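Number of protein chains: 4
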Amino acid sequence: MLFPPDHTTWYLEVITPDLVHASGLKKIFHQGQTPFQHAQVLETGSYGRMLVLDGKTQSSEADEWVYHEGLVQPVMVAHPNPRTVFIAGGGEGATAREVLRHRTVTKCVMVDLDKEVVDLCKQYLPNHHAGAFDDPRLTLLHDDALKYLEDTDEHFDVIIIDIPDPLEGGPAWLLYTVDFYKLVQRRLNPGGLTVLQSGPCGPVNYTDVFTAIHKTVATAFHHVHPYRVYMPAFVSTWGFQAAGMADSPDLGKISAEEIDRRIAERLASPLRYYDGIAHHGLLGLPKYVRDGMKAETRVITRDNPIFFV
Amino acid sequence: MLFPPDHTTWYLEVITPDLVHASGLKKIFHQGQTPFQHAQVLETGSYGRMLVLDGKTQSSEADEWVYHEGLVQPVMVAHPNPRTVFIAGGGEGATAREVLRHRTVTKCVMVDLDKEVVDLCKQYLPNHHAGAFDDPRLTLLHDDALKYLEDTDEHFDVIIIDIPDPLEGGPAWLLYTVDFYKLVQRRLNPGGLTVLQSGPCGPVNYTDVFTAIHKTVATAFHHVHPYRVYMPAFVSTWGFQAAGMADSPDLGKISAEEIDRRIAERLASPLRYYDGIAHHGLLGLPKYVRDGMKAETRVITRDNPIFFV
Amino acid sequence: MLFPPDHTTWYLEVITPDLVHASGLKKIFHQGQTPFQHAQVLETGSYGRMLVLDGKTQSSEADEWVYHEGLVQPVMVAHPNPRTVFIAGGGEGATAREVLRHRTVTKCVMVDLDKEVVDLCKQYLPNHHAGAFDDPRLTLLHDDALKYLEDTDEHFDVIIIDIPDPLEGGPAWLLYTVDFYKLVQRRLNPGGLTVLQSGPCGPVNYTDVFTAIHKTVATAFHHVHPYRVYMPAFVSTWGFQAAGMADSPDLGKISAEEIDRRIAERLASPLRYYDGIAHHGLLGLPKYVRDGMKAETRVITRDNPIFFV
Amino acid sequence: MLFPPDHTTWYLEVITPDLVHASGLKKIFHQGQTPFQHAQVLETGSYGRMLVLDGKTQSSEADEWVYHEGLVQPVMVAHPNPRTVFIAGGGEGATAREVLRHRTVTKCVMVDLDKEVVDLCKQYLPNHHAGAFDDPRLTLLHDDALKYLEDTDEHFDVIIIDIPDPLEGGPAWLLYTVDFYKLVQRRLNPGGLTVLQSGPCGPVNYTDVFTAIHKTVATAFHHVHPYRVYMPAFVSTWGFQAAGMADSPDLGKISAEEIDRRIAERLASPLRYYDGIAHHGLLGLPKYVRDGMKAETRVITRDNPIFFV
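So the protein sequences, as listed, match chains A, B, C and D. The first sequence: position 24 = 24 (our numbering), numbered continuously. The second sequence: position 12 = 12 (our numbering), numbered continuously. The third sequence: position 122 = 122 (our numbering), numbered continuously. The fourth sequence: position 306 = 306 (our numbering), numbered continuously.
One chain only, chain A, in its complex shape (with noise of 0.2 Å):
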């Protein structure tokens, strides 16, 4: 018997037509249908329990830490006072704790698309959403964020996009073209912040979608800070824009101590990731990604798409 007998049962992922990832599967809470994408609750040997969408990992309790301070703490953080929140998606719950975890937030309004998936999350997720979804300043709605900030005259401090891959067919693609940054920008209060997940990024795909992505922001937006973290479970480094207009704080001009500081006086739990040294880590790209960078030609628009295979 090679295997132990517990490690029978995998997850397998195809990551692209060469390569495949697998982590021993321990329990599958849920898998189906919604009426918006294929959804599974799975628990692995290797990355604890995991949300995947249309067959593709959203995040797993060994590392979403990583993924959602990566994502939410640099602007938030680097915002003066951010007390009104807007999350597109987010599904898991871990982005709107990342968000309350700040006592200066008064409001944060999370709209994602999938009840079912919000409902599933919240029943076999807990350590994901950690309580988030029952903080009075949450409210939360299942719509289409881009018609949601179409429709709405709120503004907003901050805006986060945490959303699936732009996949053919899938519910998220329009929301990664320069109209929608566009609208973004225009629902966030003077000196906003909006960063959104925008793809992988390491030596072999950084150019798939990341670039495009950046560009179509850059377009969109006054200034952009590109930058990424090591995500095991989406087997890459994971990309992020963050983006502001001329008035909006610049992420590269904080101090490591001015972040610490923010950090202890704000936050009302501690960080496991993010902190002053790591923010200027995360802003340090490789040369090969910011050579990648200039050299990208690609704006999205609804008439030129990209789709993540």
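Check the hints yourself; a few may be wrong.
All copies of an identical chain are treated as equivalent in the list; a pair is satisfied when it fits inside any one copy or across any two copies.
Cross-link-like lysine to aspartate or glutamate pairs, in silico, DMTMM-like; alpha carbons within 25 Å at most [stated by the list, open to error]:
#: 1; residue 1: K294; residue 2: E257
#: 2; residue 1: K182; residue 2: D153
#: 3; residue 1: K27; residue 2: E116
#: 4; residue 1: K287; residue 2: D260
#: 5; residue 1: K147; residue 2: D114
#: 6; residue 1: K294; residue 2: E61
#: 7; residue 1: K287; residue 2: E168
#: 8; residue 1: K294; residue 2: E265
#: 9; residue 1: K27; residue 2: D114
#: 10; residue 1: K182; residue 2: D250
#: 11; residue 1: K253; residue 2: D135
#: 12; residue 1: K107; residue 2: D250
#: 13; residue 1: K294; residue 2: E258
#: 14; residue 1: K122; residue 2: E168
#: 15; residue 1: K215; residue 2: D143
#: 16; residue 1: K294; residue 2: D260
#: 17; residue 1: K115; residue 2: D151
#: 18; residue 1: K27; residue 2: E61
#: 19; residue 1: K287; residue 2: E61
Think of the hints as simulated: they come from the structure by calculation, not from any bench. Predicted, not measured: the structure shown is a model, and the values here were computed from it.
Starting from the known structure of chain A, fit chains B, C and D onto it as the hints suggest.
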């Protein structure tokens, strides 16, 4: 996306260090240690619901009827009037189901060591037992079948040995020795028959355990008929030995027509695999298997056990 | 380290979307496109050297003798005096090897479309052809077997159809139609026999193509004997159809003793799988296969083809 | 057909008992035992040509430049005038390639135990060594690097330790002890620097060996800078330790501009990963890694070794 999302979860069975068999996994009903072995009840796309013990598939909805008809019916039909039957093992309840199809049977004693496994089968494998556990003719005991047969003074018309492979450290290997087969012989009524599963029997593995078990049974009984069925979920043809004493019926000498007549007369419900033509097909083993049995010299004893790896 | 280092390389065959079979890979002798198909010659720990076409195992050293004896010997032995033989396909040379064992044979014409595949087999599969390509009685041509049989006015005692499964877009599907079988019949000498491989025939897949091919052959010939052998490298029992006209021998009516006598008399070298007992074992198909053939209504034509997926 | 035919052959690496990484396999250039270890040279679709030792990927064409620039350039550029360099291991020749880019270097001694592995790399990995083995400044020896450093009275400006992970029974574990690091220190010229690969450093495995190696190096040297790069083919971020004495340059105190100036001045060919911005990104480790190093108490000695499993 190469795999459809339903196929991101897989059950892998290491057949040999050089051979792995993977089935799309739909549900994990249970996996964990019992007092005796590691047990899993899974549902796969290829084989339906499956019982897996110590990492080895024991049976699946897709082909358990091949195995259980193949194990039970040749001796039951060959016996002129089977009234009392003993089953060693048979946890799924499907061996009992095949026995209890026979209107002649008045009493079936099933002794399976592992109550937890039997309870899992009762709960999760209704298509296997098909109500057999509720038949008033069945007596179910949880004990060591060897010890039970040593201690009892009962005799049976048919004794069916339906236990896991002889794995080192597993619960079953003592029931593959010549001493055990002699004990079985003593517990048969005059004219009685026994049958046992005897491991894989394909072109590359028939000498692993099949020929040695055949040789051992032939040492303890007057005559023995080896045969095999093809079991996809076991990734092999699977061997059996049907054995009797001088006064027992000879499986090779019953005509196909007589078999069909007995089935029509005695059975309460129709069969899928077994009838007169299939019976004689079963007995017509390829030359390589018969050559392997001729060349075999191993007789399995407590001091010279064989283990399946 | 769970896998020994020699087992870090694997050959995976997708049997169905729900079933993957993996063999430890030792060598890749060749992989690439020919003018007709994708071809691989591999060496695995489980099956030795293998020919794989369009991702499907065609034969392996470990069990090709089961397939090739099973395909060739029943009709060759049943024929009272096979002198001329036609082989459609048979690229490995092992079908020719089995034919040429018969001292009665004076001429064997083998027509295989794909010269590159035959050349790979000549070079890398010496245990398959065992010198058959050098036998002066063999005529090897690279052409479309259907076209060859249409254009020729030769007749043969035995015609053996040993071609890949009917894959959509593959080179073989037209050779599974009733029109082709009628053509084969016209090219047989009086009293001649034909045999063809006819796809997987296990408990879960016998109605995929086996029963439809049987029905189609039965439409074109006077009598047909379906049978099957267990092929580990194909992960199934594998089906054949042996067919003849009113004046052809009936495979079901030859005694085991007569078969053994003919083998001893005619063959230059001994067999491993086939003899008189094995012959009648082959013909004794399980009830489920025979029920499937009875229920089958599909007759395969150019306009109503079937494809194996 | 789910997999395209080119993807029926795969290279599987068992990263942990719970994690398997599979790459589409195109060619097996070599696999077999050397006197010291099991060695494979493979070509995969995902990573190009790869060297695998004892079942662990050592480097791949797709990302070896990340590893080798990351290993070599920070200390080489930080050193004011690196003239003599010692490499322990470095079989692929890519570490030597990075060293020899520096016009300042007059002598590079590379001591790799396993001549067979080096010969395989010379033959099959031309894009790795890029001619480095032909550079007259290189002296290549096949010996135990520890023994060589003990026996020599040479001193070097930079010592680079590029050896396999400390596997139990493998050839490398003694080169991860505090005694070896003290020996390295004695063989450095005044102001010299050393650097070593120090195992995986992702969110789920940074305490396996990375923090213990850091603690051990910190015990032997005056200052040590830990850093990491993301290596897809290693399925992790990968750690390094750059260390020096009181009179050695401090990697944290060189400005990005000075680094870019030195690269422009000294290097004969451009880099892909490393420059001034990337340098400071490398040093900005996440909080969890720094917390792990603070909490670490293990110092590796011959009597208290650590092994990577």
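Tested hints:
| no. | hint | in the structure |
| --- | --- | --- |
| 1 | K294 to E257 | between (31 Å within a copy, 19 Å between copies) |
| 2 | K182 to D153 | within (15 Å within a copy, 66 Å between copies) |
| 3 | K27 to E116 | both (19 Å within a copy, 19 Å between copies) |
| 4 | K287 to D260 | between (27 Å within a copy, 11 Å between copies) |
| 5 | K147 to D114 | within (14 Å within a copy, 58 Å between copies) |
| 6 | K294 to E61 | between (35 Å within a copy, 24 Å between copies) |
| 7 | K287 to E168 | neither (30 Å within a copy, 37 Å between copies) |
| 8 | K294 to E265 | between (38 Å within a copy, 24 Å between copies) |
| 9 | K27 to D114 | both (23 Å within a copy, 23 Å between copies) |
| 10 | K182 to D250 | within (19 Å within a copy, 45 Å between copies) |
| 11 | K253 to D135 | neither (33 Å within a copy, 45 Å between copies) |
| 12 | K107 to D250 | within (24 Å within a copy, 46 Å between copies) |
| 13 | K294 to E258 | between (30 Å within a copy, 22 Å between copies) |
| 14 | K122 to E168 | neither (27 Å within a copy, 44 Å between copies) |
| 15 | K215 to D143 | neither (28 Å within a copy, 51 Å between copies) |
| 16 | K294 to D260 | between (32 Å within a copy, 18 Å between copies) |
| 17 | K115 to D151 | within (20 Å within a copy, 62 Å between copies) |
| 18 | K27 to E61 | both (14 Å within a copy, 21 Å between copies) |
| 19 | K287 to E61 | between (31 Å within a copy, 18 Å between copies) |
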